[in-house]
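Participant: Single-letter residue listing:
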Amino acid sequence: MGEEKKKLQLALYWAASCGGCDVAVLDVNEKILDIAAAADIRLWPIAMDYKYKDIEKWADGEIDVCLFNGAVRNSEQLHLARLLRQKSKVMVAFGACAAFGGIPGLANLHSRKTIFEAVYGYTASTVNPEGTTPQPTLKVPEGEVHLPDFFDDVYALHQVVPVEYFVPGCPPTPDTIMTAVNAIVTGNLPPVGSTIASNKSVCDDCKRKKSDKPKVEAFHRPQEIRIDPEICLLEQGLTCMGSATRGGCGALCPSVNMPCRGCYGPMPNSLDVGADALAAMTSIVDAGDEKTAREKAGALHDPLGTFYRFTLPVSMLRRAPKPVQGGGPPTL
Amino acid sequence: MEPRIGVFVCHCGTNIAGVVDVNRVVEAAARWPDVVHAVEYKFMCSDPGQGLVKDAIVKHDLSRVVVAACSPRMHEPTFRKACAMAGLNPYLFEMANIREHCSWVHEDKEAATLKAIDIVRAAVAKARLLEPLQTRFVPVTQKVLVVGGGVAGIQAALDIANAGTKVVMVERAQSIGGHMAQLDKTFPTLDCSACILTPKMVQVAQHPNIELMTYSEVESVDGFVGNFTVKIRRKARYVDEAVCTACGVCIEKCPKKVPSEFDEGMMPRKAIYRSFPQAVPGRPVIDKESCTYFKNGKCKICEIFCEPKAIRWDDQDQVVEEKVGAILVATGMGLIDPHGLSQWGYGRYPNVLTGLEFERLNNATGPTGGRIVLKDGSTPKSVAILHCIGSRDRNHKEYCSRVCCMYALKFAHLIKEKTHATVYNFYIDMRCFGKGYEEFYNRLLHEGVKFVRGKAAFVTDQAANDDEKGKLVVSAESTTLGEVLRVPVDMVILASAVAPQKDAEAVARQFGMGLSPDGFFMEKHPKLEPFSTATDGVFLAGACQSPKDIPDTVAHGAAAASTALSLISRGTVEVESATAEVLTDFCSGCKVCQDVCPYGAISFHEDTKLAEVNASVCKGCGTCVATCPSGAIVGRHFNDRQILAQIDAAFLWE
Numbered sequence: 001m002g003e004e005k006k007k008l009q010l011a012l013y014w015a016a017s018c019g020g021c022d023v024a025v026l027d028v029n030e031k032i033l034d035i036a037a038a039a040d041i042r043l044w045p046i047a048m049d050y051k052y053k054d055i056e057k058w059a060d061g062e063i064d065v066c067l068f069n070g071a072v073r074n075s076e077q078l079h080l081a082r083l084l085r086q087k088s089k090v091m092v093a094f095g096a097c098a099a100f101g102g103i104p105g106l107a108n109l110h111s112r113k114t115i116f117e118a119v120y121g122y123t124a125s126t127v128n129p130e131g132t133t134p135q136p137t138l139k140v141p142e143g144e145v146h147l148p149d150f151f152d153d154v155y156a157l158h159q160v161v162p163v164e165y166f167v168p169g170c171p172p173t174p175d176t177i178m179t180a181v182n183a184i185v186t187g188n189l190p191p192v193g194s195t196i197a198s199n200k201s202v203c204d205d206c207k208r209k210k211s212d213k214p215k216v217e218a219f220h221r222p223q224e225i226r227i228d229p230e231i232c233l234l235e236q237g238l239t240c241m242g243s244a245t246r247g248g249c250g251a252l253c254p255s256v257n258m259p260c261r262g263c264y265g266p267m268p269n270s271l272d273v274g275a276d277a278l279a280a281m282t283s284i285v286d287a288g289d290e291k292t293a294r295e296k297a298g299a300l301h302d303p304l305g306t307f308y309r310f311t312l313p314v315s316m317l318r319r320a321p322k323p324v325q326g327g328g329p330p331t332l
Numbered sequence: 001m002e003p004r005i006g007v008f009v010c011h012c013g014t015n016i017a018g019v020v021d022v023n024r025v026v027e028a029a030a031r032w033p034d035v036v037h038a039v040e041y042k043f044m045c046s047d048p049g050q051g052l053v054k055d056a057i058v059k060h061d062l063s064r065v066v067v068a069a070c071s072p073r074m075h076e077p078t079f080r081k082a083c084a085m086a087g088l089n090p091y092l093f094e095m096a097n098i099r100e101h102c103s104w105v106h107e108d109k110e111a112a113t114l115k116a117i118d119i120v121r122a123a124v125a126k127a128r129l130l131e132p133l134q135t136r137f138v139p140v141t142q143k144v145l146v147v148g149g150g151v152a153g154i155q156a157a158l159d160i161a162n163a164g165t166k167v168v169m170v171e172r173a174q175s176i177g178g179h180m181a182q183l184d185k186t187f188p189t190l191d192c193s194a195c196i197l198t199p200k201m202v203q204v205a206q207h208p209n210i211e212l213m214t215y216s217e218v219e220s221v222d223g224f225v226g227n228f229t230v231k232i233r234r235k236a237r238y239v240d241e242a243v244c245t246a247c248g249v250c251i252e253k254c255p256k257k258v259p260s261e262f263d264e265g266m267m268p269r270k271a272i273y274r275s276f277p278q279a280v281p282g283r284p285v286i287d288k289e290s291c292t293y294f295k296n297g298k299c300k301i302c303e304i305f306c307e308p309k310a311i312r313w314d315d316q317d318q319v320v321e322e323k324v325g326a327i328l329v330a331t332g333m334g335l336i337d338p339h340g341l342s343q344w345g346y347g348r349y350p351n352v353l354t355g356l357e358f359e360r361l362n363n364a365t366g367p368t369g370g371r372i373v374l375k376d377g378s379t380p381k382s383v384a385i386l387h388c389i390g391s392r393d394r395n396h397k398e399y400c401s402r403v404c405c406m407y408a409l410k411f412a413h414l415i416k417e418k419t420h421a422t423v424y425n426f427y428i429d430m431r432c433f434g435k436g437y438e439e440f441y442n443r444l445l446h447e448g449v450k451f452v453r454g455k456a457a458f459v460t461d462q463a464a465n466d467d468e469k470g471k472l473v474v475s476a477e478s479t480t481l482g483e484v485l486r487v488p489v490d491m492v493i494l495a496s497a498v499a500p501q502k503d504a505e506a507v508a509r510q511f512g513m514g515l516s517p518d519g520f521f522m523e524k525h526p527k528l529e530p531f532s533t534a535t536d537g538v539f540l541a542g543a544c545q546s547p548k549d550i551p552d553t554v555a556h557g558a559a560a561a562s563t564a565l566s567l568i569s570r571g572t573v574e575v576e577s578a579t580a581e582v583l584t585d586f587c588s589g590c591k592v593c594q595d596v597c598p599y600g601a602i603s604f605h606e607d608t609k610l611a612e613v614n615a616s617v618c619k620g621c622g623t624c625v626a627t628c629p630s631g632a633i634v635g636r637h638f639n640d641r642q643i644l645a646q647i648d649a650a651f652l653w654e
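Chains as they are written, first to last, in the working numbering: chain A, 1 to 332; chain B, 1 to 654.
Think of the hints as simulated: they come from the structure by calculation, not from any bench.
A couple of the hints might just be wrong.
[Unchecked claim] For lysine-lysine, the following DSSO-like pairs were computed, each having C-alpha atoms within a straight-line distance of at most 27 Å:
#1 B:Lys323 / A:Lys213
#2 B:Lys609 / A:Lys215
#3 A:Lys207 / B:Lys609
#4 A:Lys210 / B:Lys609
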């Protein structure tokens, strides 16, 4: 028993996420055994059953490290984030959703109302003639039942509870995870607030050749061109986020002809990753006059989803202005 | 340690205080955190005003100073100096512009006062985060580049050279002299243009301190104030300048004729040519485009007749590099294309001429040897001079070309003197503002020249009656008589608008200058610094800045020369400290920044794989800072934290 106490008390939790981060933990393959040897996994919803009251019973600070993945977008997730914060000495925002809001964060372009109208109203697979939408409370003969409250906004973890460390990625690569685990197990931790990844951009790891004065003729989507495997993807007109994105992933995507999507988030010194990337791309586009510039920039597909794919809730934009009234299906 | 901020609010007489309640600005500032001292004063830029800043720095132990007054372009240097004199790093000073950005553009006093408070609050927020920077000096290369060999460039070059400083003069034509060399007489004194200009041209050519490069153009400009590197393309002349004696036999013998640019196409020149008889240098060049030998490999007549054997068929363009401390741009003016002025008959009727064409017609070296004749060789009995053709006209150039009224008077006098023709001037207003100009106008009024106050609407050859048959009819509304006149004449001279040179935009970009809305080069300050530009070390002279007559051009050239000289003789120059800096920890060498720097200050280090900013070339424009996708380049004195604090403070609701 005494020996067991020395083991690291580890909790893993998921909120608004796809489950990929949990799978990524398994992706460390046989090293998971090292983790199990070094740590007691006290909570891991994807692998073991648990009840709220199990967590509530723990003493404050009983958990050494909580790896929290997923964004926070409803009251249940917020409750668990607060609860686990209370029970954990170290809170880690694990994965792009917890660290920056991630893909779910793009829902900040909408509001609860417009999302409900779409999901329970007019998507192709919806049949809902009564227009039923989820309600936080409902009286039934047996009493009152509760559903979590759905927020207007999606939050990154640190926007709702204090967070010690950030492990970026969608999902974090096995190397990133093992770096983080090793740092935690050995107690060799960086200063609080650090992101456990590189301080340089993805370009630092990317082996592609860059020309001295890069110029882009036009922007393309990957499927539209034959991609040269040797040359910088940005120079080929692909909206590669690598130069604006924190490295540490080993430049996996660019190495297989896929432009960086930016899942490791902004650079350490960045104010707004989307603005950074947009400024870079427009700086190298070959446009002599305003009209050409507008045409070429206009060819950028889904700029917001490209430049803020993982980071909208932590960007300077944070969200789209909330509609004053109405909503309804968009006209196509 | 918390900063101790002093806020000084200027009245600027009534410029600011007439609209903004400066006392309320002071009261507001005094309430903000870290502001330990807030006062107002009538003229902050005055000696006592600067004294207030200096005393307060010492007395209140200020670590930051904010002056709310005019544009930093105006007085930032003044107050930076005042801070430095009191022992405060000059970069701990911040200026809030509550004049140009506030009092001058608003009438509502309440709203303007609130806005002034916002502006000052934003400046204070930035001031809190300011960091001291080191002032740096670099030596000034003791040589000046003069671009353009018109009278402005000539005057400037001679003034600089006479002061003992080396000059490189670049002129793209075969000869220096510019437009003034094309003129016959000059107003209002009627002295011979060539007689007063050519001695100066010769002085330029002979001056030991001037290196003259005609038939040459500036290809690129690098560097910064005090330390420019200029590449000059010396076009192939095909005539060895060291051997040629300028005897002119080759010109005489050359069988190929093309329209002479100098003579406005009114007479031919040869393929081997000098622009005009008194050209400097006098040694001709071969115009490769026209030369028969270059076209079909046969001819070489010039070579056969050249006694000193100066023809060099294998001559090549050469690009030479010059290092200069200052650049004086004197590229002169152009004229509006008269073909766009067809309602006045240009291009349709052979006896409709532009002013410059008439200059050549009237010139002893021109197509008629100075005889004023119609295209058929006969002498005109009546001539109309139409003012403001393309000038003071919203469809063309809104500005006044400033020379036309006076040369129109000069033409009228010369036409009367030579032909006794009846001369009509169709004018909107007579603008005779220079020394001796009004007197000259009065003299012309007594010489029997007819003045019609009304702009000519059109010129036609469609006769409405017998008097008009075979004539050019000028139609204009006389605003004094209140009726539409039709005046039949033999010759029409269009006082067509002075315009920027056709390539002004490209030249402006080359030298880092701006263009005013009228298309002429933008001066640093229209009144106080009309000979400086926004780029330190680049000066303006003559009509490239705005239309000018000869006296103004010469004065402008001399003024630009003295300003350039004061830079040269200072010996060293302070360079921008608010430069960009690469944070090597975050730079991944993505090279996105490499091509954006307008000053060529960014380079890529192959060994470290990092970008590097050359601080002595960087002007702190911030383009690379905005471009860097990795947040790895910061702009000193304008970093993100400072600017965001400024924005946040500007929108703070009190």
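Participant: Decide, hint by hint, whether the structure agrees.
Facilitator: Results of checking the hints against the structure:
Restraint check for lysine 323 of chain B and lysine 213 of chain A: the C-alpha separation of about 26 Å stays at or below 27 Å, so the hint holds. Our distance criterion of 27 Å between C-alpha atoms is met by lysine 609 of chain B and lysine 215 of chain A, whose separation comes to about 19 Å. Distance check on the hinted pair: lysine 207 of chain A and lysine 609 of chain B sit about 12 Å apart at the alpha-carbon level, within 27 Å; holds. Of the supplied pair hints, the one linking lysine 210 of chain A and lysine 609 of chain B holds, its CA atoms being roughly 11 Å apart against a limit of 27 Å.
Violated hints for the displayed structure: none, as all numbered hints are satisfied.
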